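2 protein chains.
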Amino acid sequence: MVQRLPERAEYGRDTINSILDEALICHVGITSPDGYPVVIPTIHARSGDTLYLHGSPASRLLRSMKTGDEICVTVTLLDGLVVARSAFHNSMNYRSVVVIGVPRVVDSPAEKLAALETVTDHVIPGRWAQSRLVTDKEIKGTLVIALELNEASAKVRGHGAVDDEADYDEPIWSGVIPIATVSGAPVSDDRLLPGVETPENIATYTRPGWPKTRY
Amino acid sequence: MVQRLPERAEYGRDTINSILDEALICHVGITSPDGYPVVIPTIHARSGDTLYLHGSPASRLLRSMKTGDEICVTVTLLDGLVVARSAFHNSMNYRSVVVIGVPRVVDSPAEKLAALETVTDHVIPGRWAQSRLVTDKEIKGTLVIALELNEASAKVRGHGAVDDEADYDEPIWSGVIPIATVSGAPVSDDRLLPGVETPENIATYTRPGWPKTRY
Numbered sequence: 001m002v003q004r005l006p007e008r009a010e011y012g013r014d015t016i017n018s019i020l021d022e023a024l025i026c027h028v029g030i031t032s033p034d035g036y037p038v039v040i041p042t043i044h045a046r047s048g049d050t051l052y053l054h055g056s057p058a059s060r061l062l063r064s065m066k067t068g069d070e071i072c073v074t075v076t077l078l079d080g081l082v083v084a085r086s087a088f089h090n091s092m093n094y095r096s097v098v099v100i101g102v103p104r105v106v107d108s109p110a111e112k113l114a115a116l117e118t119v120t121d122h123v124i125p126g127r128w129a130q131s132r133l134v135t136d137k138e139i140k141g142t143l144v145i146a147l148e149l150n151e152a153s154a155k156v157r158g159h160g161a162v163d164d165e166a167d168y169d170e171p172i173w174s175g176v177i178p179i180a181t182v183s184g185a186p187v188s189d190d191r192l193l194p195g196v197e198t199p200e201n202i203a204t205y206t207r208p209g210w211p212k213t214r215y
Numbered sequence: 001m002v003q004r005l006p007e008r009a010e011y012g013r014d015t016i017n018s019i020l021d022e023a024l025i026c027h028v029g030i031t032s033p034d035g036y037p038v039v040i041p042t043i044h045a046r047s048g049d050t051l052y053l054h055g056s057p058a059s060r061l062l063r064s065m066k067t068g069d070e071i072c073v074t075v076t077l078l079d080g081l082v083v084a085r086s087a088f089h090n091s092m093n094y095r096s097v098v099v100i101g102v103p104r105v106v107d108s109p110a111e112k113l114a115a116l117e118t119v120t121d122h123v124i125p126g127r128w129a130q131s132r133l134v135t136d137k138e139i140k141g142t143l144v145i146a147l148e149l150n151e152a153s154a155k156v157r158g159h160g161a162v163d164d165e166a167d168y169d170e171p172i173w174s175g176v177i178p179i180a181t182v183s184g185a186p187v188s189d190d191r192l193l194p195g196v197e198t199p200e201n202i203a204t205y206t207r208p209g210w211p212k213t214r215y
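Protein chains in written order, with my numbering: chain A, 1 to 215; chain B, 1 to 215.
Any given hint could turn out to be false.
What the hints assert, rightly or not - With a Cα cut of at most 30 Å, we get these calculated DSSO-like pairs of lysine-lysine: (1) B:K137 to A:K66; (2) B:K140 to A:K155; (3) A:K66 to A:K137; (4) B:K140 to A:K140; (5) A:K155 to B:K137.
Simulated from the structure, these hints should not be mistaken for lab results. A quick note: this is a predicted structure, and the numbers were derived from the prediction, not measured.
Looking at chain A on its own, in the form it has when it is part of the complex (with noise of 0.2 Å):
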């Protein structure tokens, strides 16, 4: 996904939502105090033009976001392998979405507490409503980082091989591996109290984009 030809388009504020949207997780890029670039790994939620993040006051990487710098929020979806009949034109299709910004630390405790909602309900919508609500201890405990969606952009690669022209005269198999997220049967815990069932929206999880089928 290097941008190796320069076909890639760029696209509006739906496509960015509906990324972001679909997206489970992003891949977040600090400096680190050192000057060196770090890539972690967290879980993102939108709401309207504000990107949440969050994670405990100790963590290295929350931390690092209270200086002022920049950072750079990133969110890919894997479409398909796109597979040429040269080696060189092999690619992917993808959707993904880089947003740059300086955070923002949330301090109010309200706009804390639906960030928390927010997150919940991106990761499986109607959780936050069936779950033991965060205390006031709880949110005091967690760092919300807000970032705007102001420098943000997308770019999507969709389609089959673009092959050299004489390249189509090969009899080689040419064409694109579909690859999609899918959730599996879910497993209950240990210590369920007896009587308590899956809900619906955990029973039957999927996301916006994802095929129906269950693994």
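Given chain A's structure and the hints, the job is docking chain B onto it.
Only chain B this time, still in chain A's reference frame:
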């Protein structure tokens, strides 16, 4: 996956290798000429103790790797959504690797050729031998970057929710929703020559660690 609890263990080279080898993409963090971090998804492949990245010499990402600055390559495999009784203790099961180092530009045509074979067969084992091989011109036109696996670490979370003791008395479902990557039926290129069949490694594409299910 921000580290909220000090429970994520550290793992050795076998684990690091298996994560790098299963993953189809990585996220590369570089420091831009303006000094901010940039995170870009790309394809990687491991050969022994070396991680290879490749792309066009014109790509901004790869050009930036020639500066002698450190880069960070992070690979993440998402294995499950950990659903706790309290929203605060939700988590994800995952396997991730972080590699940090100063990349080396591969100049030797022989090492470049071997690296391209490694990348091709990393994505689809056996594909190199099925492809129209790369030409000397294509090899010259590809920038290959090598990163030694000297400074590499893995993190793995692979268990159920850990709730506060009091919350185990709550009649709330808790457990894990397994998450996996799968392939779909290959889609042949429109311009395939008559009689060219889908090779077995494409028709039955899967990877170590993937469920056998297709979608």
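Structure-based check of all given hints:
{"no.": "1", "hint": "B:K137 to A:K66", "result": "violated, 48 Å"}
{"no.": "2", "hint": "B:K140 to A:K155", "result": "holds, 27 Å"}
{"no.": "3", "hint": "A:K66 to A:K137", "result": "holds, 21 Å"}
{"no.": "4", "hint": "B:K140 to A:K140", "result": "violated, 56 Å"}
{"no.": "5", "hint": "A:K155 to B:K137", "result": "holds, 28 Å"}
The structure fails to meet hints 1 and 4 from the earlier list, while all remaining hints are met.
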